[in-house]
Amino acid sequence: MKKFNIRKVLDGLSSVSSSSSSQPGNRDNDIQETLQSEHFQLCKTVRHGFPYQPSAMAFDPVQKILAIGTQNGSLRLFGRPGVECYCQHDNGAAVIQLQFLINEGALVSALADDSIHLWNLRQKRPAILHSLKFNRERITFCHLPFQSKWFYVGTERGNIHIVNVESFTLSGYVIMWNKAIELSSKAHPGPVVHISDNPIDEGKLLIGFESGTVVLWDLKSKKADYRYTYDEAIHSVAWHHEGKQFICSHSDGSLTIWNVRSPAKSAQIITPHGKQPKDGKKPEPCKPILKVEYKTTRAGDPFMVLSGGLSYDTVGRRPCLTVMHGKSTAVLEMDYPIVDFLTLCETPYPNDVQEPYAVVVLLEKDLVVIDLAQNGYPIFENPYPLSIHESPVTCCEYFADCPVDLIPALYSVGSRQKRQGYSKKEWPISGGNWGLGSQSYPEIIITGHADGSVKFWDASAMMLQVLYKLKTAKVFDKSRNKDDKPNTDIVDEDPFAIQILSWCPESRMLCVAGVSAHVIIYKFSKQEGATEVVQLLEVRLQYELNDVESPEGDQVPSLPTPGATSSSQPPAPQSQPSTSSSSSDGIRDNVPCLKVRSTPLKQSAGYQVELVIQLVWVSGEPPQQITSLGVNSSCGLVVFGNSNGLAIVDYLQKTVLLNRGIIELYGSNDPYQRQPRSPRKTRQPSGAGLCDINEGSTTSEDRCKSPTSAKMSRKLSLPTELKPDLDIRDNSFSRSRSSSVTSIDKESQEAITSFQFCETFTRKTDSAAAPSLWVGTTLGTVLVFVLNLPPAGEQRLLQPVIVLPSGTLIRLKGAILRMSFLDSTGALYPPACEPWREPNAPNDKDEKDRLRKRRPVSVSPSASQEISENQYAVICSEKQAKVIALPSQNCIYKHNITETSFVLRADMVQMNNSICLACFCANGHIMTLSLPSLRPLLDVNYLPLTDMRIARTFCFTNNGQALYLVSPTEMQRITYSQDMCENLQEMLGELFTPVETPEAPNRGFFKGLFGGGAQSLDREELFGESVAGKASRSLAQHIPGPGGIEGMKGAASGVVGDLARARIALDERGQKLGELDERTAAMMASAESFSKHAHDMMLKCKDKKWYQF
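Each residue of the sequence shown is one higher than the one before, starting from 0 at the first, in numbering that gives the first Met the number 0.
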């Protein structure tokens, strides 16, 4: 074996195994492999879904762009539907505040590690231009006035520093807390919680301190004009646009309104949700009002919007947003806690009448936009794909290059599911422009969820839109009494959770496996239907083994009788409480985990139930969870397996064709010589499929509600315990991660991991290809079954399908993950499938359709008799890949993918009109191998596998694309195609679009005459270095940003400072040109004058003699 490895290293290629004959090796040279390593490059493309753990929000009212920051330092920017952008702060600190430089294409972010960053949004992939890290003070609040380059930073100590956003340097001008409050308070006023300038006087700054003190600071005279004190802590402050009044929200649920010139006492105190006592005393205190906004309208009363402030006796009430308008108060309940909200107004000018039209509410797990202009405040229909996490995602599949009629078909049935009652207006966040997507092929993503729902998404052209939602739980009775509850003790919670999806895009057949050991088969119909009785098959799949250490003998294992009861409705579940004990009297037997509904089921257009299959309890033992699933529309078969065995179901005839324990599948070929034993003392949760891998995160929020979470904690120590010295140990480790099997069980606990249907050669002696089923197990074994199908048409529904073992057995190292077949040219050989037809069509048409033949295989029997090596089986396990020539079954190529880790996901994918094997390893490596020669083409250490969610959801698809769930709410798409990486810039949308800033409001004749209206301030004069001096160097450290090197070469020019510098340079150039023009004119005049004088002199002196001079 060592010699083989050395050869592999030296050659840089996978070696031909010693067992391969020279013939296949020579034959294989005929296949021209076109894929080279230069065709591959790895990069992230787009991120979809709701920003995980949001913490801050900002809106640009001119560009109409929304920014959301999160607790892990990521930024998500949203424009019009389809324009989204994701970027990340390198340090991963939480974003505490965001401020747009309105209509400048820039954004300032403040982080919990006391750093502020300037982002350039004028490029498709925003990047940081400057950063400033405060060393001695904690940042608590920031403010950037409209059209100003001076950014105020309030700190925990109560001081305010001023930053020039062009150069990202600190001004020497500092407002110290003790100067701001002077003798008005003996104690420290607390951190700065609010900063804003007076809307009509930029020279007056309103500073709110947490303790309840508010100061109006005069920037020119550097002293406080007024101080306002209240005995409750302040959470937020908002101005009236005329600058004569402001409003504060407090920790006791009250609002105080102050006249600027009357600091002694507030003009009004309101407790919106407090009960008013009759004796005139103060209302009962309520929960804190965390934020208030005060917006005026031209015609009518102002709007006051606030979050929080509910009375303490509303226990269990959902979080609310309160909208006060005139005498009406609307309390809008939210599904999740409110993180922040913003009122969207027609004008960006704070001194203009605001005219609010919508409120954007950022919740912990949702984004809601409320229409303020319509009665009842309806919400806008959210066009972004933010509902991925509506129920936690438990598995997903990605299909690129689908049949073109699929997306319209799914959209048409999905559009009937839409809710009513949304606002009639256009979505207000409408900035940016779409990218010029060059991808023309349809892409579909399917997600399975913890509540049993399945969602179909249109993922074409870098966008994501939900097409259709299927609720699989409708098939079951949900009303369970206490006696029935133990039925579901196979899982802790979410008994309907989807574990595995199997979908055939051509025939539109869908098959799902759930955690309660159930399989549901769906057919697609554009017409509604009704099912009187849900078709049900109950399968008894249980098989116990002796330990491997038992003496090897000739004794024949006494096999359990494989039984399958077919019934139109389930037997009544027993009412006694169940236990997992294996006592011989058997409390539970032949009882499924879930009860299928016995009442008629209305089937809407879309996916309709064809058949439900349930595994039943056997002698007090619950069924093991399903680890693999496959459906084939051409054969009309569904196959599924777990750690006990394998079952094949004919869904056309609604019968079980095969129901065997794993050892029975081997027959006399079992390499481990296992024997039956008594049932286990303790139940081990099963599952070797990727969908059963639990998350390794510590918080319950972060954990997708996966079936056997509590019992499978042992699996979470992932790549560190690798012991690659023994083949058996590799297997036991991979099982311990995916099946939670103890070391005692080792080989005895074998589970089915993968299936592949194909028309292929099943035996070495075969001369013609025949329908077959290839089965892979956790111990690296591939077993092949021959399928004898009756003729198509009526005979198919009457005659039985016969399943025969072929005796072929192929061994690999590690659990089998994926099997595929190539034809003699090296092209992918897809399983035959039936084209979709409307199942609810009239009978005569239906009969005609049924007579259609199955799709013929690509090679006719006569041709295959002439050609001995007609196909190649590509088999990939957790550890290695093999290419096997058929029918000779010679291994012609073999490649050890990883020695120290294991493959989590492998897919045979089409790319650049060729095919390759793509693998994702537990150590974070993404690899591609050429086919059939298994040459390594790409190996990138993409990410360390920190989260089991990634392991469960990672999937590759055609055309160099892949995706995974990067957080419980977000989906990350990546590409491994060089072409796509190069064209990515064109495909991405643009956030910044040139828009004219609206005109400033007119001051009016009288306001101009009597000195009212907005007062301007030369901040440059106040805060510039010449007047204010330099700030202390130790206070903050300036860090120049990468400026967008990663995304756009040289595109960092154009934000604020660069704009200003360009403007100044242009002005200077213009000035210099003007001066040059003047100088040139002066020189010309001077030259003319000189010429005239010279001519006069010449005339004067023309007749004079030399002695007359």
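Since the hints were derived computationally from the structure, they do not count as laboratory data.
One thing to keep in mind: the hints can contain errors.
Computed list of lysine to aspartate or glutamate pairs in EDC-like fashion (alpha-carbon distance at most 20 Å, straight line) [stated by the list, open to error]:
#, residue 1, residue 2
1, 423, 370
2, 185, 165
3, 417, 396
4, 148, 165
5, 468, 365
FRET-style restraints, in silico, Cβ to Cβ [as the list claims (entries may be wrong)]:
#, residue 1, residue 2, range
6, 824, 416, 41 to 47 Å
7, 315, 268, 55 to 61 Å
8, 336, 588, 43 to 49 Å
Here a beta-carbon is modelled for each residue, glycine too, at the ideal position from N, C-alpha and C.
Hints versus structure:
no.: 1; hint: 423 x 370; result: holds, 9 Å
no.: 2; hint: 185 x 165; result: violated, 38 Å
no.: 3; hint: 417 x 396; result: violated, 24 Å
no.: 4; hint: 148 x 165; result: holds, 7 Å
no.: 5; hint: 468 x 365; result: holds, 18 Å
no.: 6; hint: 824 x 416: 41 to 47 Å; result: holds, 44 Å
no.: 7; hint: 315 x 268: 55 to 61 Å; result: violated, 28 Å
no.: 8; hint: 336 x 588: 43 to 49 Å; result: holds, 47 Å
Comparing the model with each earlier hint shows violations of hints 2, 3, 7; every other hint is respected.
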